[in-house]
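Undergrad: Take a look at the letters that make up each chain.
2 protein chains.
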Amino acid sequence: MTNAEKQSGERMPLRPADQLIHKAAWLYYTHGLRQDEVAQRLNLSRASVATYLRKARETGIVTISTSSQLYTDEALARRLEDAIGLDAVWIVPEDREALDPSTEMPVVAATVFQELARSGDRIAIAWGRTVYHIADVMAYADRQNVTVVQLCGNLGAPYNYRPDQCTTEIARRLNAEGINFYAPLVLSSERLAEELRAEPVILEQLKSIATCQLALYSVGGIEADSHLVRCGALSAAEMAEMGKAGATGVIAGQLIDAEGQLVDCDYNRRCISADLDSIRAIPKRLMVVEEANKFEPLVAAIKGRLVSHLVVTTSMAQRLLSRWEGAPA
Amino acid sequence: MTNAEKQSGERMPLRPADQLIHKAAWLYYTHGLRQDEVAQRLNLSRASVATYLRKARETGIVTISTSSQLYTDEALARRLEDAIGLDAVWIVPEDREALDPSTEMPVVAATVFQELARSGDRIAIAWGRTVYHIADVMAYADRQNVTVVQLCGNLGAPYNYRPDQCTTEIARRLNAEGINFYAPLVLSSERLAEELRAEPVILEQLKSIATCQLALYSVGGIEADSHLVRCGALSAAEMAEMGKAGATGVIAGQLIDAEGQLVDCDYNRRCISADLDSIRAIPKRLMVVEEANKFEPLVAAIKGRLVSHLVVTTSMAQRLLSRWEGAPA
DNA sequence: CACGTGGGCTGACAAAAGTCAATTAAGTTG
DNA sequence: CAACTTAATTGACTTTTGTCAGCCCACGTG
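Same order as they appear, the protein sequences are chains B and P. Following the numbering used here, the numbering of the first sequence begins with 2 at its first residue and continues without gaps. Following the numbering used here, the numbering of the second sequence begins with 2 at its first residue and continues without gaps.
Nothing false has been slipped in among the hints.
Reference excerpt, derived from the structure (chain B facing chain P, CB under 10 Å, subset only):
1. Gln20
2. Ala26
3. Tyr30
4. Ala57
5. Gly61
6. Thr64
7. Ser66
8. Leu71
9. Thr112
10. Arg119
11. Ala140
For the chain B half of the interface with chain P, some residues (derived, Cβ under 8 Å), not all of them:
12. His32
13. Ile62
14. Asp143
Quick caveat, the hints were computed from the structure, so don't treat them as lab data. The C-beta atom is built at its ideal place from N, Cα and C for all residues, glycine as well.
Please construct the entire structure, taking both the sequences and the accompanying hints into account.
TA: Next comes the structure, spelled out in structure tokens:
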């Protein structure tokens, strides 16, 4: 089955070529025949069968998934869950002979995400480097009736991990429908933002976020080289200003304070993005944090109940734990 | 991770040996390293890695699943869904160069079952040759928090597809908890059956059936060589008698009439089994019918709304379709 | 402390799967 | 309708994987 066909939503009959891929996959993976046996049965060369099988894997007709339990296993993860009250924590080790954490974390996150995503779900996707990395390493799967929605408005050109790209790419991987959000993330005036938010198309989509079953995002920092500044949503000076005014992190393009509440500021009022209560209404909020310098933003997001499932490095986990054990929330 | 450990319910830390299996599986399947690379990384021989990977597949640490769409694909399946109002139909072809349908049907059913079963589900399992065949070919998977419950009481010795065995085997395959039902299917007196049904343990379990998300069963016939007769629950003569009195098929050990309603008879009153309304309350009722001679019982089960998902042969599908198109329900 | 004893590991070989350049088929355009 | 373009298919070759007899080492035992 072709992506285009699946994307169109309607369940379509398989084209002859896709039928063959399905049959080959079925005989090989489900019945355990050898490639030459499959070839014989379908009157093909073995080489073709090998090609078909690769396609079957690439398109999600067959799915090979590995348990991510390895990363939930450490005692540290358990303690963190208990201390902070999260549903589940995955810890990516940085030390010893381990894999490079900078490549490993997105892989773990992608696996976890796939485990959490169910057929029929609506899934909200934020943006950012982390999310894009995850999309990039995510396995193809063929989930039925999944809808992927974009959590916040878009920004202009420079980045290749724009919100709509994150959404689209993940939708493609799941063979799901991707719903993009055609509004800018930040507008130049509060009034304009308000009017745009009231537009039926936008309103509809913003409302639909609260009905998602799963969200995937990271949290942003507020440094001069943070994501928002580099995208030009805010100047470095403005950002510094906001930091003084209590901003601690960024969720779906919006500034939050140290308690994980929306900062009451002009910038936030000019944003078009999911409101925090909608996000909190999503049962599974999967947060993935790669950078060590996102400690304070992460703490804020946790305090603001914006996280239910968490993927972090060992050292970040340790810092979180000592913070909570030192001063329980 | 060992089955014993998983079975115990509590999430336990992995033993060192199981850790290795997980790591090998992760590197090989998730990262796509070659076996020799994995071996190098984990300081093992490649042969050991191969062994570990086999174990990982066998225990459900990695899962390889194939889309069953091939069997939903035919137009016939679509027409049947529409005509009868089922959620989904899978059709196993019998003709042409196809696989032997008698082995293929359980394989398809097992695949469909795995697709329908979600983590966290409660799953009700009936018994019979068909169900046991399905259990037998079912792939191993490692679902979290699944509970498998037995739909009806047990019978005595002769069969090796006793209700408790079906339940236990499927629970083992899913790495789930299996809850057996320690009561006979039929008692010698109505009074005794009633008293037993009122026992807290039994009562509890019977009530819990309505809260399942998925049921797996077949439908029984009422011939002299039918399941119930061969198990000694009913004599051939009694069964013939019941047939005259309107019994058309058997669901979870109980006789149903042509409309899929419980027959009001002594035998049924002596049964300890899920009541039909509890079964109807289960959202996904997967019925699998292998034998051509179960046409009338199947029609009865469908009329009684005991089926939402169906796996049948092409010829059975055709017969169903002509019945419904001839005289819509 | 020598003696099994069994689980896990290895090396070497056989079997299976992956790859790619060449070829054929199918479709498209001037 | 011939020429060209593109995609599908294959045979031959290489690489990777599966297997199993034998080995080694840790551990319990007489």
